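Asker: For chain A, the structure is supplied; the task is to place chain B on it using the hints.
Each chain, written out:
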Amino acid sequence: MSEVVNKAKVPSEPLFSKKNRKLITDPLTDNNPVTVQVLGICSALAITVKVETAVVMGASVIFVTALGNLVISLLRNIMPPRIRIIVQLVVAAALVIVVNEILKAFLPDVSEQLSVFVGLIITNCIIMGRFEAFAMANKPWPSLMDGIGNGAGYAGLLIIVAAVRELLGSGSLYGFKLFGNAIPGSETGLYTMGYVNNNLVILPPMALIIVGIIIWVQRSRNKSLQESH
Amino acid sequence: MAMNKESNVYTVIFATVMVVVVGGILAFLSLSLKDKQEANGRVKKKIEILSALLSADEMSKIDRTNAEAKYDEFIKEGVLLTSTGILVKEGIEGKEAAFGVNIKGEYKDKNIAIKDRQYPMFIAQKDGKTLYIIPVIGKGLWGPIWGNLCISEDMRTISGASFGHQGETPGLGAEISQGFFVDRWTKSNEVISDEAGDFSSFEIVKDGSGTKPNKIDGITGGTITSKGVEEMVNRCLVPYTVYFKTKKS
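From first to last, the protein sequence lines stand for chains A and B. Take the first sequence: its position 102, counted from the start at 1, is 102 in my numbering, and no numbers get skipped. Take the second sequence: its position 130, counted from the start at 1, is 130 in my numbering, and no numbers get skipped.
Calculated from the structure, these hints are not laboratory results. Quantities reported herein were computed from a predicted structural model and do not represent experimental measurements. Every residue, glycine too, gets a C-beta built ideally from N, C-alpha and C. One thing to keep in mind: the hints can contain errors.
Distance condition first, Cα-Cα at most 20 Å in a straight line; then the derived PhoX-like pairs of lysine-lysine [stated by the list, open to error]: (1) B:Lys187 with B:Lys89; (2) A:Lys18 with A:Lys139; (3) B:Lys45 with A:Lys104; (4) B:Lys61 with B:Lys44; (5) B:Lys76 with B:Lys44; (6) A:Lys104 with B:Lys76; (7) A:Lys104 with B:Lys129; (8) B:Lys34 with B:Lys45; (9) A:Lys104 with B:Lys89; (10) A:Lys104 with B:Lys36; (11) B:Lys245 with B:Lys129; (12) B:Lys129 with B:Lys76; (13) B:Lys45 with B:Lys108.
Rough simulated footprint, nothing fancy, chain A against chain B, three-plus residues with beta-carbon under 8 Å [said to hold, decoys possible]: (14) 118-124; (15) 234-248.
For reference, chain A alone in the conformation it holds in the complex:
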């Protein structure tokens, strides 16, 4: 595959030029795949109950988008156009299986919590979206940057939503019990004063509401995201 990459042309711009840095930073804010492009919402609802699972899920998606973008970009000139979607799907699926197998072997407990959702990264629209929209038309290095940026944009949002849900729903953050022990009969901390965890926050619809609030805040602060009509 490497022969296809045009080696003769030394990249005239530095690796971390302003343009390339923008590929990473843009998806974090103004072009966030979840809040602006509204992709990958379904998994954002499912695995944001705890911060730890959100972190692992985010890392897995960064891995898949970054490497997938790189591979697709390397293959873009030799890929038969008629089966390009299938090729993209195979690359995404292969990378997801790699992630899943590695998690099962080295992080078995987290892997259990994520259960089917690692496998479902395959269907995450962000991945196919970036392959088709960016990697097919750009060189490997910018594609890698773009993949990392979009994966990180997804991961960042996931972690914010998970932090809110874990704090309000379970009274903890990354597993640390901030409000004390909630178990009836042996409460400590805030719970002795009658504080109760909000079970509604644990349920998936609340994730949608939190994502909605984040989108609202982002759009009200950033005029360029507001539709004119």
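Answerer: This is chain B only, laid out in the frame that chain A set:
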């Protein structure tokens, strides 16, 4: 590239090469990680068995690194029963056989008739007492639930328990794995059989009458999971009570 990328030949060759390469990579990865994944599964199973036997304090000292040693320290023998409570294997041989039984797989497999399911039990020695650990399997609201019940020396009283689940609703059904729910099974001398040795069933209740014998308070908002636990325990324990009855007589 002189090749015509639109041609059928090129497309087929590209697809073939891609599938072979990707398949090869994944097969290699799967094979090289298989041992580690299976070992993880075995350790997890041992931790679950131990969690019914040991208190929460003792369990907090057990993690994936020392679980196998602790398992061998406590679990001395095993027993394998048929669905009618007839002994198949026991002793040291039974320990291996009982551990090897995949009750989750048998429960799910429609091709295995209910009467053909195997019923493993682990016999532990702790503080000079013989304790019996019975694995149970059932279904909750979203997926499988399972557990281990520890029966004390009198072959009747539940002295320890642990429950697990795959994907019950966090904060609701998922609470079955929490200490407060487990305590409801272990703290009030619940018995699995009457004086004569016949099975006595359990009931999960909503009205707060959980202090009465063989009644357990369910979990608020987790009714279907709680009922799943009830069904699981009532179904799985029967062969063991038959075995205990014959053993005592």
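Asker: Run every hint past the structure and note whether it holds.
Answerer: Hint by hint, here is what the structure shows:
no., hint, result
1, B:Lys187 with B:Lys89, "violated (32 Å)"
2, A:Lys18 with A:Lys139, "holds (16 Å)"
3, B:Lys45 with A:Lys104, "holds (15 Å)"
4, B:Lys61 with B:Lys44, "holds (15 Å)"
5, B:Lys76 with B:Lys44, "holds (18 Å)"
6, A:Lys104 with B:Lys76, "violated (29 Å)"
7, A:Lys104 with B:Lys129, "violated (37 Å)"
8, B:Lys34 with B:Lys45, "holds (17 Å)"
9, A:Lys104 with B:Lys89, "violated (33 Å)"
10, A:Lys104 with B:Lys36, "holds (9 Å)"
11, B:Lys245 with B:Lys129, "holds (19 Å)"
12, B:Lys129 with B:Lys76, "holds (12 Å)"
13, B:Lys45 with B:Lys108, "holds (17 Å)"
14, 118-124, "violated (count 0)"
15, 234-248, "violated (count 0)"
Going through the hint list in order, the structure does not satisfy hints 1, 6, 7, 9, 14 and 15.
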